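> Below, each chain spelled out in residue letters.
There are 2 protein chains.
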Amino acid sequence: MHKRLKPYRIDRPGKLALKDFDPAAKPLSAGDKAADKERVADIAEGLARLQDNFYALRRDKLLLVLQGMDTSGKDGTIRAVFRAIDPLGVRAVSYRAPTAFEADRDFLWRHHRDVPGKGEIVIFNRSHYEAVLIEYVRGWIDAAERERRFARIVDFERLLAETGTTIVKCFLHISNMEQRKRLQERIDDPTKHWKFNPQDLEERKLWRKYHDAYEAALQKTATTHAPWYIVPADSKTHRNLMVSTILLEALQRLAPEGPPPNPGYKGLRVA
Amino acid sequence: MHKRLKPYRIDRPGKLALKDFDPAAKPLSAGDKAADKERVADIAEGLARLQDNFYALRRDKLLLVLQGMDTSGKDGTIRAVFRAIDPLGVRAVSYRAPTAFEADRDFLWRHHRDVPGKGEIVIFNRSHYEAVLIEYVRGWIDAAERERRFARIVDFERLLAETGTTIVKCFLHISNMEQRKRLQERIDDPTKHWKFNPQDLEERKLWRKYHDAYEAALQKTATTHAPWYIVPADSKTHRNLMVSTILLEALQRLAPEGPPPNPGYKGLRVA
Numbered sequence: 146m147h148k149r150l151k152p153y154r155i156d157r158p159g160k161l162a163l164k165d166f167d168p169a170a171k172p173l174s175a176g177d178k179a180a181d182k183e184r185v186a187d188i189a190e191g192l193a194r195l196q197d198n199f200y201a202l203r204r205d206k207l208l209l210v211l212q213g214m215d216t217s218g219k220d221g222t223i224r225a226v227f228r229a230i231d232p233l234g235v236r237a238v239s240y241r242a243p244t245a246f247e248a249d250r251d252f253l254w255r256h257h258r259d260v261p262g263k264g265e266i267v268i269f270n271r272s273h274y275e276a277v278l279i280e281y282v283r284g285w286i287d288a289a290e291r292e293r294r295f296a297r298i299v300d301f302e303r304l305l306a307e308t309g310t311t312i313v314k315c316f317l318h319i320s321n322m323e324q325r326k327r328l329q330e331r332i333d334d335p336t337k338h339w340k341f342n343p344q345d346l347e348e349r350k351l352w353r354k355y356h357d358a359y360e361a362a363l364q365k366t367a368t369t370h371a372p373w374y375i376v377p378a379d380s381k382t383h384r385n386l387m388v389s390t391i392l393l394e395a396l397q398r399l400a401p402e403g404p405p406p407n408p409g410y411k412g413l414r415v416a
Numbered sequence: 146m147h148k149r150l151k152p153y154r155i156d157r158p159g160k161l162a163l164k165d166f167d168p169a170a171k172p173l174s175a176g177d178k179a180a181d182k183e184r185v186a187d188i189a190e191g192l193a194r195l196q197d198n199f200y201a202l203r204r205d206k207l208l209l210v211l212q213g214m215d216t217s218g219k220d221g222t223i224r225a226v227f228r229a230i231d232p233l234g235v236r237a238v239s240y241r242a243p244t245a246f247e248a249d250r251d252f253l254w255r256h257h258r259d260v261p262g263k264g265e266i267v268i269f270n271r272s273h274y275e276a277v278l279i280e281y282v283r284g285w286i287d288a289a290e291r292e293r294r295f296a297r298i299v300d301f302e303r304l305l306a307e308t309g310t311t312i313v314k315c316f317l318h319i320s321n322m323e324q325r326k327r328l329q330e331r332i333d334d335p336t337k338h339w340k341f342n343p344q345d346l347e348e349r350k351l352w353r354k355y356h357d358a359y360e361a362a363l364q365k366t367a368t369t370h371a372p373w374y375i376v377p378a379d380s381k382t383h384r385n386l387m388v389s390t391i392l393l394e395a396l397q398r399l400a401p402e403g404p405p406p407n408p409g410y411k412g413l414r415v416a
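Chains W and D supply the protein sequences, listed in that same order. Each residue of the first sequence is one higher than the one before, counting from 146 in the numbering used here. Each residue of the second sequence is one higher than the one before, counting from 146 in the numbering used here.
Just chain W, with the same shape it has in the complex (with noise of 0.2 angstroms):
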């Protein structure tokens, strides 16, 4: 692994405090905004072909989950890091409230249906940890159930992981200032209306207890088979330097090349 990628990198659970890590710190960068952009742009081409080893074995599967704030950059992480991936293998999945009848099942049902098969790059657009961020903020389960939500998620991608599946959770970690001044920007610049719910407004007099919470699920759910990344996020191009390093790591390990051969093939005519 990238050296100073380690120290982002929770791989069991424990103590940790977000406040020790910098949301502005660009520990990938080269020092130079153009040249970083440049290297998300080539990463990216990278992942692309490698992608296409994963795709064609048809062995492994992986799942990204992204996480943050409002405005912390889940959307745009997703465009600038597969932007340049073939469609036929990733699927991003935006979870947003469930709906009656997911909100009838456990609150793993809708996810696992989810999950990638194999080949597959799935990301989900937020995910399974709603299920202990809002639904606790907002007090709608208590301290006891969210434990039982944080046993029960490790287990989840245990499973996950058992039968294949490599885990890249990211939580991009944005701000306070910061999610000001994105949230400023989504109403002072008119073609940015629609990403703006005044309800974001209510969410962010929350923001010390989603804080909170992200760090109570960092500390319980942080695993070797599900590892979190805490990924400095107020600099965009930053952001996406290293999801897109995370990315390209995990592909080099799984697929660096594509399948092998079949030698029954040799001398065949088609006629």
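Hints listed in this document are in silico derivations from the structure and should not be mistaken for laboratory results. Since the structure is predicted, the reported quantities are computational estimates derived from the model, not experimental observations. Accuracy of the hints is not assured; some may be wrong.
Heads up, the list lumps identical chains together, so a pair's fine if it works in one copy or across two of them.
[Unchecked claim] No more than 30 angstroms apart at the CA atoms, straight line, and that leaves these computed lysine-lysine pairs for DSSO-like:
| # | residue 1 | residue 2 |
| --- | --- | --- |
| 1 | K411 | K164 |
| 2 | K354 | K148 |
| 3 | K151 | K340 |
| 4 | K337 | K381 |
| 5 | K411 | K350 |
| 6 | K160 | K354 |
| 7 | K381 | K411 |
| 8 | K182 | K160 |
| 9 | K151 | K178 |
| 10 | K340 | K263 |
| 11 | K164 | K263 |
| 12 | K326 | K411 |
| 13 | K350 | K182 |
| 14 | K326 | K381 |
| 15 | K350 | K178 |
| 16 | K365 | K151 |
| 17 | K354 | K263 |
Dock chain D against chain W, hints included.
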């Protein structure tokens, strides 16, 4: 519509002979392959920009149906045409033989399940048309059942169209000789072995029957609400150029701009 595209758009049922369409034609070509390739890349960027509007508007739905003989380039088209597009708003669905669960239901069931939602582009990589192609060619259904299915397909597509879906159906039209060449390449190039299946040679023996079945499907299911495009596909570059041009025109019509601003947000300050 692009003038030279018109003869390839079939939007009403009736007589049609595939032999009148040259699989090697290049009606949209600038006469230079490198220039055509560059235009495909340019259009892909244009599609990505318009898709941003389409996605943000969350109003219309777009369904692209891709059909064609083995090796006609369905996968390659998806890769080339959608290569710059944000995976959040595009979903590719590849159909194989129905599962037992799917086969227990009517032949449109699994396709209805997968239709695009508002603001979404869905690509059917093979589609409900397999139910009047392979199923007829292989003798699993008779001519009377095929007629009923043609009618039900027209009804189904009318439902989708009336409820806000723009339907674009592309038949990737290759010649018998081109298919032979491409199958042979998959055998001769070990890196392409994973794409080859000896079963493809059995299917190839049924070329004429598939040809006639496609002709019948085009005759029976071309409608104004769900037109077919006969895409000459012996040239991969021109095939990509034509499909991307058709989609560009659709998106230019549906989403030339993003959503309008919300005057109610004026002057709002984020705390």
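> Of all the hints given earlier, name the ones this structure violates by number, lowest first.
1, 2, 3, 8, 11, 13, 15 and 17
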